[in-house]
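Novice: What follows is the residue order along each chain.
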Amino acid sequence: MSALNIKEMIGKKRTLTQGHRMCPGCGAPTAIRQAFMGIDYPVVVVSATGCMEVSTTVYPYSAWNVPFMHIAFENAAAGISGVEAAYRVLRKKGKIDKEIKFVAFGGDGGTYDIGLQSLSGALERGHDFTYICYNNQGYMNTGAQRSSATPLGANATTSPAGSRSSGKLQRAKDLTEIAAAHNIPYVAQTSLHNPFDVMKKVKRAVETPGPAFVNILTPCPLFWKIDTSEQANICKLAVNSKFWPVYEVIDGKYYLSYEPKPPAAIEEFLRAQGRYSHLFKKGAERFDLVADAQRDADENWEKLLAKCMR
Amino acid sequence: MSKPQCWQEVPLATVAFGASALKVQTGLWRSSRPVIDTEKCISCYKCWLQCPDDSIATDDEGKVAGINLFFCKGCGICAKVCPADAIAIYPESEFSEEDREGGKTGADPGEVGAHVG
Amino acid sequence: MSDKKKIMTSGNLAFAEAMRQIDPDVVAAYPITPSTEIPMKFAEFAANGKVTSEYIAVESEHSAISACVGASVAGARVMTASSANGVALMHEIFPIAASFRAPIVFGLVNRSLGAPVNIHCDHSDSMPERDSGWIQIYCEDAQEVYDTVLLSVRLAEDSRVLTPVFVCQDGFITSHCYEPLELLSDETVKKFVGERKALYPLLDTDNPVSYGSFTMSEYYFEIKRSQMEGMNNVLPVYAELAAELEKETGRYYPPIESYRADDADYIILIMSSASGVVKDVVDELREDGIKAGALRVRFFRPFPRKELAALAKGKRGAAVLDRSASIGGTSPLAAEVRSALYSLEEHVPVQEYIFGLGGRDFYAEDAHSVFDDLIKGRYTETPRFIGLLEKDDKNERA
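Protein chains in written order, with our numbering: chain A, 1 to 310; chain B, 311 to 427; chain C, 428 to 825.
A couple of the hints might just be wrong.
Claimed, not checked - Sample of chain A residues at the chain B side, in silico, Cβ under 8 Å:
1) Ile6
2) Lys7
3) Ile10
4) Gly11
5) Gly19
6) Met22
7) Pro24
8) Pro29
9) Thr30
10) Arg33
11) Gln34
12) Tyr59
13) Ser62
14) Trp64
Keep in mind the hints are simulated off the structure, nothing from the lab. Using N, Cα and C, we set each Cβ at its ideal position, and we do this for glycine too.
Model the full structure from these sequences, guided by the hints.
Specialist: This is the structure in structure tokens:
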């Protein structure tokens, strides 16, 4: 792998251009920008339905400066399977001579939920592609509904906090672990507050032959109820509080990318976001849920550490 | 390519052409505006790396030169991540009408197009 | 000609054999009765180096058609097959494939849609896809399946058409019955189908385009209208291609096959395999001096309305036999026929029949009784059912 040099990146042709219509302060375009910064190959991109897909391709304009395809919500991985298979056969037949890389992406709705089967199928079949999940922990394109990536206690529009409910009452699914269970050559979890971690991991994913999966934490200011300027700060807090560990699984071996010393309390991460404000409402505090969230983070962290190479 | 004017002009197969969104002036959404003090700027690129809209303009040497107001939506991330306190955010209302409309300060969008093409 | 070969085979294997000769770039498929043999046989070809294709054994029909769309948009020649619930699961992606002008050739082996679950033939799987923007061609026998697959590759990929094709055949009746079939040589097929030239291939990284943009009311209508033009060009382009293939095969299939219908007074309109029985009955009635005829509708999309009106003009009665129902509405073929005949100055009485649901057999006596209805002028407002167990029937289930 060549070193990542910012000045080189600044001069490079963009994969995603300006003029996209994502909300101000959205983490998704940042994550996707960062993801492509370190890639030096021609790429073809396939996207699931979602904010990024809709807002980057408002007809007749497209903010993609590489070939891009969106078919539907649940099938980005199946779609790219076809593109990649076509590439392999056309290259074998001598109709294409250059080396092209394939990247599919989706939000957590299109990846954890409706697209999980298609993703699992594509990972199992071993297509040479990278799947990036830009994970804002819910369905943002339709207005902040809960997904299986939404964490415990979050106030989402289909798991609202009310007089008899404290937001989402279930834990988030651990999709990175599910991806790793496919025994694919590369799986990683990362966060956009550390662009070099994102770039390095996506670059490795793309350059690794076979399927790779990268899960990037990308805040949505509207759902998380944070200021539009807070994306990097809140991500940093997510990692420092062990809410979102950053790590890699290379050929089945776990490597921790960063260990916060000392870790921040989950409560600090939760208090920084409006989606958890009901947990701290005067007179109706739900410190039990906060404690559950802390225990989950601690246990997940210990499980992860036990797997990691030391 | 100009916008299709009738169904016969629509490209086949739902196709839109690459990088055509560069014509879309998302800067019109902005309600607050970042201003870079280039004296204070240390060109660490933290703002460039975190900008969702790729709106940190750079000069020929690759140094941070200003904000591309044609695209900048005014989220304020750049100011928040700046370690040198070189970026300040002002309400758009403090700038003149003419200045707001055209996004005349900062880099010319034509230059942005050049390195995307 | 000497380079032709006669074999005994089935509709499914005829489709698979055509695929082997065409040697498409990508096949992504998922097993479902009764079309399973097609991908199974093709996977065997791939495993033994008989084709150069990439075979993708996906995890669902939805992913099968999604991968087909991806591969087709990438610039590859793509084929697949499915039936019944598999087709229904793909439903979401069919209009997208058509909008992307992805020239996929699809072996649709007709089977009834559940519930109750039933593996036998009717057209309840393909008919719901009639508005998906795909060409639909219904074949009577294995030979026609074979010839139609070859034609469909050219038709789908023609720059004036660029529209995916369903090549439909009746589940089990056509797909599994062995019959004699004449194959062209591999070289003749390769020469006939040529190579695909894609318009905006996704793998052209030097000229990036975006497929499947978010398009609101500003342009959606124009894109749909543009898409319709491809379908509008199907029948004239098909006529050219069918004449070209006829030079090799000696066989020509018009959009609607007219069987002794020119001078007929009474006609049955029907699709696919059941038309064989009707033709036999037409012959029997002709021997008795009754001017009976049959029209076998091959193209359901685009529907050859002008051709149909010309063929049905002046008839004293027409019976439309649908192998699927549109519950609460007019059956699909009957609706099209009535609509096409409405333009005629002289009214042709039409009676709607529903037959063969879930693979219920259709006998010569059934066709006789339909002609008898027409001759005696027995018309009803509501559709009649052929071969249905009625309350007062003498027949008993054993």
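Novice: Against this structure, judge whether each hint is valid.
Specialist: Tested hints:
Interface hint at Ile6/A: satisfied, since its Cβ lies 5 Å from the closest Cβ of chain B, which is below the 8 Å cut-off. Look at Lys7/A: its Cβ gets to within about 4 Å of chain B, closer than 8 Å, so that hint holds up. About 5 Å separates the beta-carbon of Ile10/A from the nearest beta-carbon of chain B, less than 8 Å, and the hint is met. Restraint check, Gly11/A versus chain B: the minimum CB separation of about 6 Å is within 8 Å; hint holds.
With 8 Å as the threshold, the beta carbon of Gly19/A comes within range of chain B, its nearest partner Cβ sitting at about 3 Å, so the hint holds. With a least beta-carbon distance of about 6 Å to chain B, the hint placing Met22/A at the interface is held under the 8 Å criterion. Residue-level restraint check for Pro24/A holds (minimum Cβ-Cβ distance to chain B is 4 Å; threshold 8 Å). Taking 8 Å as the C-beta cut-off, the interface hint given for Pro29/A holds, the closest approach to chain B being about 4 Å.
The interface hint given for Thr30/A is met, as the beta carbon of that residue sits about 5 Å from the closest beta carbon of chain B, less than 8 Å. Contact between Arg33/A and chain B, as hinted, is supported at the beta carbon level, the nearest pair being about 6 Å apart and thus within 8 Å. A cut of 8 Å between beta carbons decides the hint on Gln34/A: the least distance to chain B is about 7 Å, and the hint holds. Taken as an interface hint, Tyr59/A checks out: its beta carbon lies about 6 Å from the nearest beta carbon of chain B, inside 8 Å.
The beta carbon of Ser62/A comes within 4 Å of a beta carbon in chain B, closer than 8 Å, and the hint placing it at the interface holds. Interface hint at Trp64/A: satisfied, since its Cβ lies 6 Å from the closest Cβ of chain B, which is below the 8 Å cut-off.
When each numbered hint is compared with the structure, no violation occurs for any of them.
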